[in-house]
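Based on these hints, arrange chains L and P on the given structure of chain Y.
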Amino acid sequence: MKWNKKDLLGLEDLSREEIEIILETARSFKEVSARPVKKVPALRGKTVVNLFFEPSTRTKTSFELAAKRLSADVLNFEVGTSSISKGETIVDTARNIEAMKVDCFIVRHSVSGAPLVISKNVAAAVINAGDGCHEHPTQALLDLFTIKEAFGKISGLKVTIIGDIYHSRVARSNIWGLGKLGAKIVVCGPPTLIPNNIEKIGVSVCYSLPEALKDADIVYLLRIQKERQQENFFPSQAEYRKFFGFDSKRINCTKKKFFLMHPGPINRGLEISTEMAEKENSLILQQVTNGIAVRMAVLYLTVRQIQ
Amino acid sequence: MKWNKKDLLGLEDLSREEIEIILETARSFKEVSARPVKKVPALRGKTVVNLFFEPSTRTKTSFELAAKRLSADVLNFEVGTSSISKGETIVDTARNIEAMKVDCFIVRHSVSGAPLVISKNVAAAVINAGDGCHEHPTQALLDLFTIKEAFGKISGLKVTIIGDIYHSRVARSNIWGLGKLGAKIVVCGPPTLIPNNIEKIGVSVCYSLPEALKDADIVYLLRIQKERQQENFFPSQAEYRKFFGFDSKRINCTKKKFFLMHPGPINRGLEISTEMAEKENSLILQQVTNGIAVRMAVLYLTVRQIQ
Amino acid sequence: MKWNKKDLLGLEDLSREEIEIILETARSFKEVSARPVKKVPALRGKTVVNLFFEPSTRTKTSFELAAKRLSADVLNFEVGTSSISKGETIVDTARNIEAMKVDCFIVRHSVSGAPLVISKNVAAAVINAGDGCHEHPTQALLDLFTIKEAFGKISGLKVTIIGDIYHSRVARSNIWGLGKLGAKIVVCGPPTLIPNNIEKIGVSVCYSLPEALKDADIVYLLRIQKERQQENFFPSQAEYRKFFGFDSKRINCTKKKFFLMHPGPINRGLEISTEMAEKENSLILQQVTNGIAVRMAVLYLTVRQIQ
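Residue numbers (my numbering), protein chains in the order written: chain Y, 126 to 432; chain L, 126 to 432; chain P, 126 to 432.
Chain Y on its own, in the form it takes in the complex:
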């Protein structure tokens, strides 16, 4: 089987085979960033545009480096100072930039579905870098890559995702990806932050952290968005920490060797204690490292389709 999509909009749309093609391609690109000369000519003379309608440094930087290591030209389109603020629609903006003969848009937007709308209106590749509460597919792909690297497999593992499942595009993409690759998924958090009927997409719900941690192979902590607290989704940070914060007292809940993951940036002392963040079973920095390889793979596979 071969990759044949010009866009990557989410993991819900991908088959198990397509996900595995991306992970395998990423494996071959990971070695590039370990070389003294971290560069391959794969996308030389291609133009990749970071089209971020929401502020982001980490994800944008990761895509920028991935594109540069493939020798592409990268353009950071600054939406704040752009025509968008003059009332232009996102489709007009994308079409106008496309007219400059660019090959790929990396789109982040606060509205779910914005990358899909753009992808339908341009011939260039479109990669979703996070849209509203919908999906963040490259984050989930780098998580899958990191889990596979740690365990040699994904199928049969128990992955416990803890935190604000309701608003998390990271959780949503991971649930699709982990499910397709055969992991058992448990979500855990305050009842106000777990969507109704989420069991229907193949996950178990557990409101008690000790129980959710039992036999977990991966403990995946989501970032608590402090602004959510103003919206009263949970009573206080202290209460969240008490019931769902991961610290040294929680280690004994799982008898197995397990690994800790987090999409970053971490809130030390809230969803994770400083001590835990520094433990040797933390995969947090390896997730960041693997982000480059996975994004190189996604850029390479999609942009090749439009040549």
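A hint or two may mislead.
The list treats identical chains as one, so a pair stands whether inside a single copy or across any two.
As the list claims (entries may be wrong) - With a straight-line cut-off of 25 Å between C-alpha atoms, the simulated BS3-like cross-links for lysine-lysine are:
| hint | residue 1 | residue 2 |
| --- | --- | --- |
| 1 | K164 | K374 |
| 2 | K367 | K351 |
| 3 | K273 | K305 |
| 4 | K404 | K245 |
Keep in mind that the hints were calculated from the coordinates and are not lab data.
These numbers were taken from a predicted model, which means no experiment stands behind them.
Structure of chains L and P alone, referenced to chain Y:
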């Protein structure tokens, strides 16, 4: 005849032959952006600086891509956070950057003549990317290029420019360029937005849109700057749309096959209806595409002078 | 002797020999910016990160150009929109970026010692681009380079540094560097802006400008930070200009041929008159030119250590 100027400050200063050299050079560069590897080594090892004192994304991006496709290094000098806000003069700023051995400044400034002042104080090439209400020469050059591509010629065509002529550097540069290449120019808009005595530089004035459109080969719509309305140059957007907005009712005013142009970004439903913007006779996106080729040509011709 | 440090945090830590290695390496790189193709492949495939927690255009731009002329990939990490504003520590930020396999951090921070803290927590090279009132080593190195170019030597010269010594990291780094290379240093300014006991690090203090200028080979003017005046470190700009401003009346204070230096941007009419800034004995623009060569040298020497 050969190009021998280190700067491009406006079309008023250029001869017909000089304009034609730029257009011909652009024609040979246009093909680069259609290649799989969109890059030529023409300006490798040269440094091009985007020195924008007014916010801009579209023009800056176009110049940045043009420079990168010529393999130049591009530096976006952020004026907001720069020494300018510490009270430095624009000449000191330019001279200081020039001391870093840069080859070209692309200057946008709200004050007419600012690029000229800089050009007199640096040995590097200076390209005007829009100064006050004065000129925006690369916009007019890409417009000329697009017209020539559509009709195979410019001489003898009737070009009707509609909107705020008074404040428009785009209009001004187009009037110089079109005039030198032999087009007949009609300007049309509310009397408050047409400069007195503009006939003296070789254009006809017409306050009635239907009449101005008669026999037009090119209908060139300017962007309405919504902030102008606060200054009471026209009573309301609704009134502007009624008398000067281009929509399906206007098509019959011109009997010929004509093309629609706009420097972007468009205000859908104000100076142009959505339906018209999408018509097959719109050249709007081709203008954007040709902007890259024209800017590559201008960068190439001017920077070569200072080697 | 060979360079063997992965970081450049300040000139206080360097030996005379280490400083001379940097100056000699810079001399060989200076020629690169005079070539038609201003580029060498020394750092091809390396990633250099501008990590600026304080706004800066000039220094950031100089490092960016230096890195590009060595063929490195440069990443401008925008702290304003980054995770820092989400409460992440600077060490977490640096470690996360490092996980993307970057080779060098160029750090500017308002807190003295911030680059040191980062350097202890990453394997990548760390270059201090200015930390609080502590050091700005590349500025002092480019000043040393410029002095040596002008006089053929540094040892035995009299350098008079005028202005706000108290808050100046430029002065501090220059005092270390000039001292190690054998210059005689005089500092001059209002008593409120001269640190107590500064004589202990080997400089003479002089509160009278005419006396301080006597027999000076280099007159080094510091920039007056206008915001300091609100803090009442000196009564008024007019008074500062009267007693410490450098204008044509001051020329006769030094009988020798001397050169004028300033780290930029200059306040015309405050610490320096317009007439003096334009004189042929001003080295101000040569300092800027040499900044590229010195930063190329520092990048090259440090990044090579971590290969």
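A quick look at each hint next to the structure:
{"no.": "1", "hint": "K164 to K374", "result": "neither (44 Å within a copy, 56 Å between copies)"}
{"no.": "2", "hint": "K367 to K351", "result": "within (16 Å within a copy, 49 Å between copies)"}
{"no.": "3", "hint": "K273 to K305", "result": "within (14 Å within a copy, 55 Å between copies)"}
{"no.": "4", "hint": "K404 to K245", "result": "between (45 Å within a copy, 19 Å between copies)"}
Of the numbered hints stated above, the single one contradicted by the structure is hint 1.
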